[in-house]
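Engineer: The whole structure should be built from the sequences, with the hints applied where relevant.
Taking the working numbering, the leading residue of the sequence shown gets 8, the next gets one more, and so forth.
Keep in mind that the hints were calculated from the coordinates and are not lab data. Since the structure is predicted, the reported quantities are computational estimates derived from the model, not experimental observations. Ideal Cβ placement from N, Cα and C applies to all residues, glycine included. Take these hints with a grain of salt, some might be off.
[To be verified] What follows is a set of in silico ranges between Cβ atoms, one per label pair, in the way DEER data are often shown:
1. 61 <-> 22: 25 to 35 Å
2. 48 <-> 26: 29 to 39 Å
3. 16 <-> 66: 31 to 41 Å
4. 70 <-> 16: 30 to 40 Å
5. 22 <-> 49: 18 to 28 Å
6. 69 <-> 26: 14 to 24 Å
7. 22 <-> 67: 10 to 20 Å
8. 70 <-> 46: 24 to 34 Å
9. 57 <-> 34: 29 to 39 Å
10. 44 <-> 65: 33 to 43 Å
11. 70 <-> 37: 11 to 21 Å
12. 21 <-> 60: 19 to 29 Å
13. 65 <-> 21: 14 to 24 Å
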Amino acid sequence: MTPYTQADKVPVNSQEWRNLVNMRLAEGYGVEDIALWLQCNVSRVRSHVQTLRDNGTLAMWWSRE
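Structural biologist: Take a look at the structure:
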């Protein structure tokens, strides 16, 4: 069974869900705020952020070069 967010009925960890999380992160929201907005468990958002950290995406986003 795929967990869905209540707000948008977007399956958690789907590409659409990851895009929504990425958008909110880029806007400066924290993982707790994003989880509340998507009405999902904060651990799911943290896991996605860890993936972004591991593959260098966060470093690229926040690079000051």
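Engineer: Against which earlier hints does the structure fall short, listed by number upward?
Structural biologist: Of the numbered hints given earlier, those the structure breaks are 1, 2, 9 and 10, listed in rising order.
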